[in-house]
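Chain B: place on chain A using the hints.
Chains as they are written, first to last, in the numbering used here: chain A, 583 to 646; chain B, 132 to 259.
Just so you know, the hints here were simulated from the structure itself, not pulled from any lab data.
Computed from a predicted model, the values in this text were never measured in an experiment.
Honestly, I wouldn't trust all of these hints.
Here are some of the chain B residues that sit facing chain A, going by a computed Cβ distance under 10 Å [unchecked claim]:
| hint | residue |
| --- | --- |
| 1 | Leu141 |
| 2 | Ile162 |
| 3 | Val168 |
Result set (DSBU-like, lysine-lysine): computed pairs, CA atoms no more than 35 Å apart in a straight line [as the list claims (entries may be wrong)]:
| hint | chain 1 | residue 1 | chain 2 | residue 2 |
| --- | --- | --- | --- | --- |
| 4 | B | Lys137 | B | Lys154 |
| 5 | B | Lys191 | B | Lys214 |
| 6 | A | Lys590 | B | Lys187 |
| 7 | B | Lys205 | B | Lys191 |
| 8 | B | Lys205 | B | Lys154 |
| 9 | B | Lys153 | B | Lys191 |
| 10 | B | Lys137 | B | Lys187 |
| 11 | A | Lys590 | B | Lys214 |
| 12 | B | Lys191 | A | Lys590 |
| 13 | B | Lys137 | B | Lys153 |
| 14 | B | Lys187 | B | Lys205 |
| 15 | B | Lys153 | A | Lys590 |
All C-beta atoms in this analysis are idealised placements derived from N, C-alpha and C, irrespective of residue type, glycine included.
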Amino acid sequence: MDIDLIFKIAAVGIIVAVLNILLTRSGREEQALMTTIAALVVVLMVVVQRISELFSLIRSLFSL
Amino acid sequence: MELALKVALLGAIAAAGALLIKKSSPEIALIMAFAVVVCIFAAAARLFVAVLDTVKAAGKMSGLSAAVFTPLLKCVGIRVTAKICADICRDASESAIASAVELAGAFAAMYTALPLISSLMTMIGGMI
Numbered sequence: 583m584d585i586d587l588i589f590k591i592a593a594v595g596i597i598v599a600v601l602n603i604l605l606t607r608s609g610r611e612e613q614a615l616m617t618t619i620a621a622l623v624v625v626l627m628v629v630v631q632r633i634s635e636l637f638s639l640i641r642s643l644f645s646l
Numbered sequence: 132m133e134l135a136l137k138v139a140l141l142g143a144i145a146a147a148g149a150l151l152i153k154k155s156s157p158e159i160a161l162i163m164a165f166a167v168v169v170c171i172f173a174a175a176a177r178l179f180v181a182v183l184d185t186v187k188a189a190g191k192m193s194g195l196s197a198a199v200f201t202p203l204l205k206c207v208g209i210r211v212t213a214k215i216c217a218d219i220c221r222d223a224s225e226s227a228i229a230s231a232v233e234l235a236g237a238f239a240a241m242y243t244a245l246p247l248i249s250s251l252m253t254m255i256g257g258m259i
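One chain only, chain A, in its complex shape (with noise of 0.2 Å):
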């Protein structure tokens, strides 16, 4: 089990929230809103493979 992967999503997500709040106190909506969607992209970017990976794992465990 990859862990670590977890609480990477996690870092990142609460680092993007601090950012995001930050950004948005000091009057950057918009640059608060890119930056949700840029951490979001590295997430799925990073979890895309692994769902790829289980998608392959239940085909050949179930021979599909």
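Only chain B this time, still in chain A's reference frame:
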């Protein structure tokens, strides 16, 4: 036993973490839940392989052909995939997509079981 304990702990910790993140960025919490699902399933699959081998050996001993046994396995696989994806969709409070995924899974399972049903029908036809 060891795996069950590990998975239970991982699930509890990840749930707490997701709850923490959910307030500020719910989308990353959802992706985190997906990552947890992938990790847990990958860990559980290793044990399932042994179960599968035993079931296959039992099927061979009973004299059933692979044509009867394979659709059953495929149905289980389709069900598992559809269930995981539907639950993720439901977590994102998109129950319409979740229902569609489950429905598609049910149709796919029925389609996979078609050879079994047709062989049953020919068997009944032969008896009559």
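Evaluated hints:
With a cut of 10 Å, the hint placing B:Leu141 at the interface with chain A holds, because the nearest CB-to-CB distance is about 6 Å. Given the 10 Å rule on beta carbons, the hint for B:Ile162 holds: about 5 Å separates it from the nearest Cβ of chain A. The beta carbon of B:Val168 is positioned within 10 Å of a beta carbon in chain A (closest approach about 8 Å), and the interface hint is therefore held. For the hint pairing B:Lys137 with B:Lys154, the CA-to-CA distance comes to about 27 Å; that is within 35 Å, so the pair holds.
Distance hint between B:Lys191 and B:Lys214 is fulfilled; the C-alpha atoms sit about 29 Å from each other, no more than 35 Å. Under the criterion of a C-alpha separation no larger than 35 Å, the hint pairing A:Lys590 with B:Lys187 is inconsistent with the structure, at around 39 Å. Simply put, B:Lys205 and B:Lys191 have alpha-carbon atoms about 17 Å apart, close enough for the 35 Å limit, and the pair holds. Restraint check for B:Lys205 and B:Lys154: the C-alpha separation of about 39 Å exceeds 35 Å, so the hint is violated.
With a C-alpha separation of about 49 Å, the suggested pair B:Lys153 and B:Lys191 falls outside the 35 Å cut-off, and the hint is violated. For the proposed pair B:Lys137 and B:Lys187, the alpha carbon gap of about 28 Å is at most 35 Å, so the pair holds. A threshold of 35 Å between alpha carbons decides the hint, and for A:Lys590 with B:Lys214 the separation of about 26 Å falls inside it, so the pair holds. Between the alpha carbons of B:Lys191 and A:Lys590 the distance comes to roughly 45 Å, so the proposed pair goes past 35 Å and is violated.
For the proposed pair B:Lys137 and B:Lys153, the alpha carbon gap of about 24 Å is at most 35 Å, so the pair holds. For a cut-off of 35 Å, the pair hint linking B:Lys187 to B:Lys205 stands: about 13 Å separates their Cα positions. A C-alpha spacing of about 15 Å is found between B:Lys153 and A:Lys590, which places the hinted pair at or below 35 Å, so the restraint holds.
Checked against the numbered hints given earlier, this structure breaks hints 6, 8, 9 and 12; the rest are met.
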